[in-house]
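Each position in the sequence shown, counted from 1, maps to that position plus 496 in this note's numbering.
Since the hints were made in silico from the structure, they are not lab data. On a predicted model such as this, the values are computed, not experimentally measured, just so you know. Backbone N, C-alpha and C define an ideal beta-carbon position, used for all residues, glycine too. Possibly wrong hints are sitting among the right ones.
Listed next, the in silico EDC-like pairs over lysine to aspartate or glutamate satisfying Cα-Cα at most 16 angstroms (straight line) [what the hints assert, rightly or not]:
hint : residue 1 : residue 2
1    : K769      : E782
2    : K1029     : D977
3    : K554      : D529
4    : K881      : D913
5    : K881      : E959
6    : K727      : E782
7    : K1064     : D1018
8    : K985      : D1018
Here are the in silico distance ranges between beta carbons for each label pair [to be verified]:
hint : residue 1 : residue 2 : range
9    : D545      : S806      : 45 to 55 angstroms
10   : L641      : G893      : 56 to 66 angstroms
11   : L897      : L1016     : 43 to 53 angstroms
12   : T903      : T721      : 51 to 61 angstroms
13   : G694      : A1053     : 56 to 66 angstroms
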Amino acid sequence: MRTARVALVAGTCITVLSSSLAVIAGPAQAAGDTRTVSYDGVTATVPADWPVTDLDGKTGCVRYDQHAVYLGTPTGSNCPAQLVGHVETLQLTGGHAVVTSGAEGLAAAVRRSVAPQSALDVAPAPAARTAIAARTVAGGVFHGLGFDTCAAPSAAAMTAWRTASPYGAANIYIGGTDSACAQANLTATWVAGVSAQGWTLIPTFVGLQAPGTGIGSMFSTNTTTAASQGKVAAINAARIMAGLGMAPHLGNPVYFDMEAYNTTKATTVAAVKAFTNAWTVELHAEGYVSGIYGSSASMMTNLVEWNGTSYNSPDDIWFAHWGTPSTPAHDSYIPDAMWANQQRIHQYQGGHNETYGGVTINIDNDALNGSVGNGAPPPDVTPPKASTTTLPTYTMGRTVLLGWHATDSGSGVASYDVRLADTTRAKHTWVQPTAWTGMTATSLSFTGGLGHSYCFQSRARDEAGNVSAWSAITCTSTPFDDHGFSINKSWKRITGTTFFNGTATITSKLNATATRRGVLLDRVGIIATRCPKCGTIGVYLSGKLLKKINLAGTPAARRVLFTMPGFKRRTATISVKVLTRGRSVQLDGLAISNN
């Protein structure tokens, strides 16, 4: 578990002066002495014993847990993982003087001393309740290994670790009164980017600490005041989460970091109980899942005692118990039956360096089976897009081979529905056979009747239950065989396996005519035999010539489809007239389309 840290850690910063820095210090170093620091056009007066660190263009850490002056902005972070506490610090960068919240006196002094062209910023402090941002990143549950580090690594570092490390979850310290590191990388863009890489996130708020710990700022021993402070912490955490694009009502958790405290002191325990109870109540009101981080020997011990009482327990726990097996399922301080439904994270090892993909980060180790931010994809509310394979105008036979497909950017395609309409007649309806509902196949074979026109559509359903619109319509027609024509004695019916549907109607007499009356159509084709000595026919639509077709040709072939241009749909009579004398004409079928 983490140990308490004092506000000023001696010897942890080294003063490095760059060519752009001038430090003018007084002759003495007694209490109350000051020095003047100038950097990048900004001049400020600070206590003389504050160390000054030049971070510009270097890897470093802007720490809020100790008094210091930082010059410039580091290119990368090497912050220790285990930092808690928030005291007065100063960062001079980009022509600005940035002071931590709570350093009002320092801020006033800097305001009086900065150059006129410079600006003064105050590092983020808890603010009043604001409107919640639109939903973007959703939470869920993650089972696996994770890490936590004080400052959010760069997107490039997260990319390197996502590829090479064993971790799938990463803690982010979103803010709080006692947050200890500057978060130069932590923005809504960063959250969206690392979530897209596949990371799940553990949002953590480091607010006021338990009284008597000596860590940064502490909440009151008065339980009424402590409850009010816990509520404010939850409000501020919700505000920050929304700003990072991690919206409420979607399962996103926020864990409160409660460092170790004295469980034998009744006033401290009572204050912790009041504070954390209010944290959970208000966080739920804000729409978030409540989590609490703490030592197994203090925070978790008390949570176990309070569980099942009027106390509002957190939804998830994150317990620090170092040197124990890396499993969240069991801990000697916590009964297995409590927070047993994927509600635990275990921090099992403290700060140390690990390197993956050439990037070194100081981390604590965690084993997770609990709530995380973006542990599941955002709720899938987008339906798939379905398409049906385009069919030929005519299908040579009664069997139609139909295929379909769908794409889905969310949860994935689960099943398909297919429907058809027999458009042979003007009045028709869509029919969806039971067997064609909820299919996982992407093709089927349909057997229709001769001389029919059929249209098809498909739609898809994804794993989230979203249903696509019906696809674009695709249609085909099955031809009549030669029996679809009315003939006189000039024609003769013959049979043969090479003819369409096993029969043909033949003649060699000039002006022999075969007809089909009362046909609704918008396109027509003739199935006939081609041969070197075959004759010529004319195809007529209600007495008007559509096309002359010379059936002579090589090589000889049966069941040849001769098509004609389409026209406006109508009900008409189709006639085929022989235009040559003494030459064979073999009609095999009539293809009509009404699509």
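Verification of the hints:
Using a Cα cut-off of 16 angstroms, the hinted pair K769 and E782 is violated, with the two alpha carbons roughly 20 angstroms apart. For the suggested pair K1029 and D977, the alpha carbons sit about 23 angstroms apart, so the restraint of at most 16 angstroms is broken. Taking the CA atoms of K554 and D529, the gap is about 30 angstroms. The hint is violated against a cut of 16 angstroms. At most 16 angstroms may separate the alpha-carbon atoms for a hinted pair to count; K881 and D913 meet this at roughly 13 angstroms.
A distance of roughly 14 angstroms separates the Cα atoms of K881 and E959; the hinted pair therefore holds under the 16 angstroms criterion. With a C-alpha separation of about 11 angstroms, the suggested pair K727 and E782 falls inside the 16 angstroms cut-off, and the hint holds. With a C-alpha separation of about 6 angstroms, the suggested pair K1064 and D1018 falls inside the 16 angstroms cut-off, and the hint holds. Between the alpha carbons of K985 and D1018 the distance comes to roughly 30 angstroms, so the proposed pair goes past 16 angstroms and is violated.
Between D545 and S806 the CB atoms are about 49 angstroms apart, so this pair conforms to the stated range of 45 to 55 angstroms. For the pair L641 and G893, the supplied restraint of 56 to 66 angstroms holds, since their beta-carbon distance comes to about 60 angstroms. Under the hint 43 to 53 angstroms, the C-beta atoms of L897 and L1016, about 25 angstroms apart, miss the expected range. Between T903 and T721 the beta carbon distance is about 56 angstroms. The supplied range of 51 to 61 angstroms therefore holds.
Between G694 and A1053 the CB atoms are about 59 angstroms apart, so this pair conforms to the stated range of 56 to 66 angstroms.
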